[in-house]
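J.: Whole structure, please, built from the sequences with the hints as guidance.
Mind the numbering: the sequence shown is residues 1393 to 2078 in the working numbering, read in order.
In short, the hints are calculated from the structure, not lab data.
Being a predicted model, the structure only gives us computed values, none of them experimental.
Check each hint, because a few of them may be wrong.
Stated by the list, open to error - With a cut-off of at most 25 Å between alpha-carbon atoms, the simulated SDA-like pairs for lysine to any residue come out as follows: (1) Lys1698 / Ala1883; (2) Lys1556 / Ser1873; (3) Lys1698 / Ser1456; (4) Lys1698 / Ala1526; (5) Lys1556 / Tyr1506; (6) Lys1698 / Tyr1506; (7) Lys1698 / Pro1512; (8) Lys1698 / Thr1826; (9) Lys1556 / Ser1456; (10) Lys1556 / Thr1578; (11) Lys1556 / Leu1579; (12) Lys1698 / Leu1438; (13) Lys1556 / Thr1626; (14) Lys1556 / Leu1630; (15) Lys1698 / Leu1882; (16) Lys1698 / Ser1873; (17) Lys1556 / Ser1629; (18) Lys1556 / Glu1727.
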Amino acid sequence: MSSAASPTTLIVLQIGARAVTFVLNQCLVRLVAPNIFGLANIQLELLLSTILFLSRDAVRTVLSRQSLPHDNATTTSPSTPARSIAKDYGAIHNISLLPIPVGVALTTLACGVYVSRLSPQSVRTLPSFHASVALYALGALAELCYEPLHIRALALRHPALRVKAEGLAVFAKCITTIGCIRFLPTLARHLPVLAVLIGAGRSDPRSAALLAFGIGQAAYGVTMLVSFVLWFSTTFSLSATLSLYIPTPTDTDTDTDTDTDTDTQAASAPRSRWLHRPTLSLCWAMQRQAVLKHLLTEADRLAVAKFASLEEQGGYALAANYGSLVARILLQPVEETSRFVFSQNLAPISDDDDDSDDCSLTVKGATGGAGKGQQSDPPATAAATKAAAGDQVARMLAAIFQLYALCSLFFVAFGPPLAVPLLHVLAGPVWAYTSTAPTLLAAYTFYVPVMALNGIVEGFLQSVATGAQLSRYNRVLLVASAAFVGLLTLATNLRLGGEGGAGNNTQGGTGGKWMLAQVVEMQRSALVWANTASLAIRAAYSWRFLRAYFSRLGRSRTQTLSRAGVGVGKRELGLGLGFAAALPSPLVLATFGGVSVWLRVVMPRLLSPSVYSAALSDATQTNQGSQGSQTGQGRLSTAVTLLPVLSRAAGGVAVCTLSILLFERRRLLLALRALRASASKTSKSE
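T.: In structure tokens:
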């Protein structure tokens, strides 16, 4: 279909949307106080993500595996979106409606508990607090209302629809939030209702800023919903679009659900089935996993929201936003697109399929369906098609792993020594020199590579795993959560020991002071390090599952072709998916290591106390509204002092990039070629 975008197009669209978001968020950082920034980006965002993740993630993940028959996927008949195209699809589509009632109940419960029990006492007195929470709830419900349309768009091979809608929604959210922060106090002078909402008489700018964040989030959800409804209404019809929200039963014979004898089946009359029980069972298994996964994913924000002040939450939110910037701009689009490719091209293989005649376990792309292969396909043809699709996905994965490894080297080598100057340039000197944001940002440079790897391999597992395999993965999530809690507890105990023994180390010399400083830095970012270790456990298991999957797929191909009397090569399917295959050459590793050590030695000398003092003086004068040449001279002096830092950082990047071009050029070109080939084949298949 011409409107079905390729993976490359999806990635470009998402990168563009997130780049615009970053630019607009820069304005928010400088307009909002740290405590309100922390409240909106830690507590209210945590409330929102909890509602959305627990309401829709399991259903979205499972139903993304379903697809309409390929020959009907491109039809534009008005009746197409409202009627069942494939057998049981009506009962499957009814499951996509479940996030709406579940979300309503969960939103009511979560918002009620947060407002009455979990919210900080200092913000409950803000006039706009309850209205802001209600606006976040409205935004969450609006997002849940487009979920059936989103799932149907995926079934019709239109993943770009969500990307385009998200781009519009993010832009609307940022513009609305910034506009409300600037103009709500002015409008409150003319609108008494608004004046009461933001407490204009109290001269508290926090109330207006908090309400602005709520309005922005509501604008995001409503824009997403309107975008989906408009697209479906113009592509099909408004009545057909609205009919997607009406549950319809599927008439089915008893032989689809029971194992009774043939005579009993023939005598039985067809009956209606509202929900497809195998799919619903898989959703329930995925939902149990989603709870554990959400607790692990949000464990750091849960801890920060519980134990840190709002100002500290603001510093953590800023570091997390910048630390995950590349993840949101580059890695998340790749992850989401890869999940779509996995679910549309690969089918589950159970652990005992090695000993079975698994001709029926075909890749989805081989038949255009959502499950097993067609009975009329010859075994050799089905196995060859399955192996070709699997090999294509394996080459795409190997290319992604190689590119991720190179990007990770830049993070680890340049992130920690450049955290302070980077924050100075992006957020200002107050954030760079008076908060814990630099320490947290430095730790995030180690967290992001692990998060990138886990996003791909865990997405693969959730896209192709059977119910039994997902249940086993739940135990891995429990182990990962135990590791997170254990490491965080250990870091807390070490912190107490470090603080108690600090006086004993004052005479320990430079080496002792340096070691103590490193321990203190690690303690400040203990949440990030514990989260990294927990994520590494999940990534290791998912990567092991990925390699085992392709190994079983290769053995299946070999056995089937051998039975059919067709010769087959000895090359193992997915051979380039090992850890060693993803690593760059030793010369590149040595170059990055040398540059990293050099920067760690040079940067502390360049960022002398004079830079610190000048920056804080400039920030203080700016906050107090000072005008004139003194403030301008302070900014100019700070900028001139940062030039050597930035020039050395640019030199290090140039040296490392040159080493990649010299020693990794061939592998890099092969990886890019594999990604282009995968994108081209996926686009043609759609």
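J.: Take a quick look at whether Lys1698 and Thr1826 sit within 25 Å of each other, Cα to Cα.
T.: Roughly 22 Å between the alpha carbons, so the hint for Lys1698 and Thr1826 holds.
J.: Between Lys1556 and Ser1873, does the CA-CA distance stay at or below 25 Å?
T.: violated, 35 Å
J.: Please verify whether Lys1556 and Tyr1506 have alpha carbons no more than 25 Å apart.
T.: violated, 32 Å
J.: Assess, step by step, whether the Cα of Lys1698 is no farther than 25 Å from the Cα of Leu1882, and give holds or violated.
T.: holds, 18 Å
J.: Straight-line Cα separation of Lys1698 and Ser1873 no greater than 25 Å?
T.: holds, 18 Å
J.: Starting from Lys1698, check that the Cα of Tyr1506 is at most 25 Å away, please.
T.: holds, 12 Å
J.: Given the hint that Lys1556 pairs with Glu1727, does the C-alpha gap stay at or below 25 Å?
T.: holds, 17 Å
J.: Are the Cα positions of Lys1698 and Ala1526 separated by 25 Å at most?
T.: Holds. Lys1698 to Ala1526 sits at ~21 Å (cutoff 25 Å).
J.: Hey, Lys1698 versus Pro1512, does the alpha-carbon distance stay inside 25 Å?
T.: Answer holds: Lys1698 to Pro1512 is near 9 Å, not above 25 Å.
J.: With a cut-off of 25 Å on the C-alpha distance, tell me whether Lys1556 and Leu1630 pass.
T.: Distance of about 20 Å is within 25 Å: holds.
J.: Lys1698 and Leu1438 were given as a pair; does the straight-line alpha-carbon distance stay at or below 25 Å?
T.: This hinted pair holds, its Cα atoms lying about 12 Å apart.
J.: Hey, Lys1556 versus Thr1626, does the alpha-carbon distance stay inside 25 Å?
T.: Holds, at roughly 16 Å.
Hints 2, 3, 5, 10 and 11 from the earlier list are contradicted by this structure; the remaining hints agree with it.
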